[in-house]
Amino acid sequence: MNYDFSDKEFNLFVEIHTLISEFVKDKNLESSDINTSAENIRQALALLSQTPYLKLGVEKAENYNGLLTLMGAMEVIAGTSPSLFLSIETSTRIFGRILSTWGSDSQKEKLLNPLLNGQIIGAVGLSEDALNVDNDPLTTTAVADGDSVKISGHKQYVINGPTADWIAVVGMMNGKNVICLVEKGTPGLTIGEKTATLGYEGVAISKIILNDCTIASSQVITPKNDKDMLNTLKLWENQILIGAGLGLMKTAFESAKDHSKKHKTGGKPIIAYQEVGFKLSEMLTLFQTSQLFAYRAAWTADTDPKNVESLTLCAKVFCTESAEQVASEAMKILGGSGFLSGHPVEEAFRCSKYGQIAGTSTEISRVKIGDTALGMNK
Amino acid sequence: MDFAFTKEQLMFKKEIIRFAKKEIVPRVQEHDLKKQFDFEAFKKLGEFGILGLHFPEEYGGSGADVITTVMAGEALGEAGVDGGLTLAYGAHTFLCADTIFSHGTEEQRKKYIPKLASGEWIGCMGLTEPNAGSDVASLATTAEKKGDKYVLNGSKIFITNGPLADVSVIYAKTDPEQKHTGISAFIVEKGTKGFSSGPNLIKMGVSTSQTSELFFNNCEIPAENLLGDEGEGFNMSLQTVEWDRSALLAPFVGAATYMMTRCVDYAKSREQFGRKIGKFQAIKQKIANIRIFGEAARNLVYRIAWCKDQGRPMNHLEAAVAKLFVGDWSLGPANDAVVLFGGYGYCHEYDMERIFRDSRLAPIGGGTSDIQKMIISKLM
Numbered sequence: 001m002n003y004d005f006s007d008k009e010f011n012l013f014v015e016i017h018t019l020i021s022e023f024v025k026d027k028n029l030e031s032s033d034i035n036t037s038a039e040n041i042r043q044a045l046a047l048l049s050q051t052p053y054l055k056l057g058v059e060k061a062e063n064y065n066g067l068l069t070l071m072g073a074m075e076v077i078a079g080t081s082p083s084l085f086l087s088i089e090t091s092t093r094i095f096g097r098i099l100s101t102w103g104s105d106s107q108k109e110k111l112l113n114p115l116l117n118g119q120i121i122g123a124v125g126l127s128e129d130a131l132n133v134d135n136d137p138l139t140t141t142a143v144a145d146g147d148s149v150k151i152s153g154h155k156q157y158v159i160n161g162p163t164a165d166w167i168a169v170v171g172m173m174n175g176k177n178v179i180c181l182v183e184k185g186t187p188g189l190t191i192g193e194k195t196a197t198l199g200y201e202g203v204a205i206s207k208i209i210l211n212d213c214t215i216a217s218s219q220v221i222t223p224k225n226d227k228d229m230l231n232t233l234k235l236w237e238n239q240i241l242i243g244a245g246l247g248l249m250k251t252a253f254e255s256a257k258d259h260s261k262k263h264k265t266g267g268k269p270i271i272a273y274q275e276v277g278f279k280l281s282e283m284l285t286l287f288q289t290s291q292l293f294a295y296r297a298a299w300t301a302d303t304d305p306k307n308v309e310s311l312t313l314c315a316k317v318f319c320t321e322s323a324e325q326v327a328s329e330a331m332k333i334l335g336g337s338g339f340l341s342g343h344p345v346e347e348a349f350r351c352s353k354y355g356q357i358a359g360t361s362t363e364i365s366r367v368k369i370g371d372t373a374l375g376m377n378k
Numbered sequence: 001m002d003f004a005f006t007k008e009q010l011m012f013k014k015e016i017i018r019f020a021k022k023e024i025v026p027r028v029q030e031h032d033l034k035k036q037f038d039f040e041a042f043k044k045l046g047e048f049g050i051l052g053l054h055f056p057e058e059y060g061g062s063g064a065d066v067i068t069t070v071m072a073g074e075a076l077g078e079a080g081v082d083g084g085l086t087l088a089y090g091a092h093t094f095l096c097a098d099t100i101f102s103h104g105t106e107e108q109r110k111k112y113i114p115k116l117a118s119g120e121w122i123g124c125m126g127l128t129e130p131n132a133g134s135d136v137a138s139l140a141t142t143a144e145k146k147g148d149k150y151v152l153n154g155s156k157i158f159i160t161n162g163p164l165a166d167v168s169v170i171y172a173k174t175d176p177e178q179k180h181t182g183i184s185a186f187i188v189e190k191g192t193k194g195f196s197s198g199p200n201l202i203k204m205g206v207s208t209s210q211t212s213e214l215f216f217n218n219c220e221i222p223a224e225n226l227l228g229d230e231g232e233g234f235n236m237s238l239q240t241v242e243w244d245r246s247a248l249l250a251p252f253v254g255a256a257t258y259m260m261t262r263c264v265d266y267a268k269s270r271e272q273f274g275r276k277i278g279k280f281q282a283i284k285q286k287i288a289n290i291r292i293f294g295e296a297a298r299n300l301v302y303r304i305a306w307c308k309d310q311g312r313p314m315n316h317l318e319a320a321v322a323k324l325f326v327g328d329w330s331l332g333p334a335n336d337a338v339v340l341f342g343g344y345g346y347c348h349e350y351d352m353e354r355i356f357r358d359s360r361l362a363p364i365g366g367g368t369s370d371i372q373k374m375i376i377s378k379l380m
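Protein chains in written order, with this note's numbering: chain A, 1 to 378; chain B, 1 to 380.
Treat the hints as calculated values from the structure; they're not laboratory data. Hints may contain errors.
[Unchecked claim] Cut-off 27 Å, straight-line C-alpha distance, at most; resulting in silico cross-link-like pairs (DSSO-like, lysine-lysine): (1) B:LYS378 x A:LYS261; (2) B:LYS21 x B:LYS7; (3) A:LYS262 x B:LYS378; (4) B:LYS22 x B:LYS7.
From just these sequences and the hints, can you work out the full model?
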């Protein structure tokens, strides 16, 4: 047992923090302009490719724990810019892990290496109207046509949809779940308008429509156990949302704490009042408990992947719900300033809702945790 | 970072659960109903080696590390042992025996630890007074040195094992003019003239533990019963906090697992509307809430244990976070467990209502949740 990150991991967190803090200084990371979003992500990816960050959890990074180190590092990035974080992670940790886990050597060579070098942006088209708790069959279909494959269907809420160079589209082919790697500009691929959202405004999220979109059959990934694939994709998404929760809590807690030490009323800093000090104590308790929960779930993913799903759902519920609570309480401590648009805590509060909805929603997570305990897993 | 337990630790945990389920759990409900201490169960804990687990073998212990010791507490909770017995064990082993072991002379260690480790003697610790709870500096019990004796006067309240204890570690002011630095710790044996205990206080939960007032009326004890030096008492009481935030919280973590297991069994057997209630999402949600609490609390408690094993100085903020979380966040899951059982959950025949009552000590004993918030807000 060991509750400390190694010196090497700690140094990596410091390095990433220094890089990304400097990077965000003169940037508008919450801009709803797609070109600005794309430029921000490209620059950030190029910057982070100088560190082992992009490789974590995707490829073996010597002297680092895979997902465990990543979880500590994700907190740093998400705590600096939630939008940048969500874009980077979707590209690297979901698109990237699709390639590293199921991709062929040539697919890896063609896409994974440039991805980890920060040269391309990836997106994943998974969610559909019909994609529900029980994982009903996907309606997006891929049909072989000689050496080509034609894809048709709709995908919603595609993170990085308008900014991605490549989109991994999940669909059905010959009764099995497959992933089609579709390059931007491929005939038959239509990218929808950027969707306006409550939080994460700097992330380009859109629908995509595939209408006889034709790709080479070498661009199709057929995982061996295709039924587990959807669950695995959800697991990766949940892991990212846990990291996002930690970052949002860090931002909200630190901001409220700093304010409570500087802001005075009745001649003393407001942290000296129990109403404020006790609220901060509860927030810190949620934050620290979430951190340990996230780290243990990540450690389990690294060491005991068979038992990771249910524990990750537990961590996801706790971390994402705590993030909203902590951000909400932080706003109250900050008074009027926390309510101003553009304040990091106001932003954290808005973003925090997403974590409970995306991936496996917290309601469905609880049902699945219950199913596991009851031995009722499907 | 590494959250793994060793194979030996996991095997030991299984052994304790097996032992407790066989030897102790069948006796729990009856003793809880009668609010009686289970002497036989306590003796069995001693025979199994749990009461002295972390003491060196030469003092009758097993030389276990802190994590293994904490794990024993979790295992007892997980097996279904009541909070009263685990509290009695905690007060006996950590608040009493460990204070003597950590700060006593070799003579004191040899005299008391083996008999406390075996369970032959029962120990308690007296710090809280009617007018001095969390505000330790305002202790009113005095210990005046007269020749080769100390004379104790005053009273203590809410003392776990108070009516039973053969050996008591008592905190008193040797210098009433001073605040924290005027406090010293003493060993007081049962039967000492001028020392008496009140009747068992009837409590909401942890009913099998016996709790009482202690009275000192010109109670003379030999000067060699002083623990450490005069004025060191407050620091000694602080050091027990490490155990308080790990080993004494561990049974609550185990109890969460026990609640979940019981709820799962019930949900799989109880039928309503033509199907097992476990099929309903509302039931699954309750089970999930209990598991989430248990998993979250476990990490916090073992963090304190691991730090203590590393010999690190106490991190009061992390300790307070663990205590606050277990205290305040356990209410929802414990309530869920009672409600899941419906009417049966409210009846003593099923033990969910007992666990609910036992769990309500968590935000009060060993420093209330508000005190933990005071500590955290001051340290942050």
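Inset, instruction - Decide if the proposed pair is consistent with the structure: LYS22 of chain B and LYS7 of chain B, CA atoms, cutoff 27 Å inclusive. - result: Within the cut-off at roughly 23 Å; holds.
Inset, instruction - Given the hint that LYS378 of chain B pairs with LYS261 of chain A, test it: the Cα-Cα distance must not exceed 27 Å. - result: 11 Å, holds
Inset, instruction - Mind checking the alpha carbons of LYS262 of chain A and LYS378 of chain B for me, to see if they're no more than 27 Å apart? - result: Holds, because 15 Å separates the two Cα atoms, which is no more than 27 Å.
Inset, instruction - Starting from LYS21 of chain B, check that the Cα of LYS7 of chain B is at most 27 Å away, please. - result: Roughly 21 Å between the alpha carbons, so the hint for LYS21 of chain B and LYS7 of chain B holds.
Of the numbered hints listed earlier, not one is contradicted by the structure.
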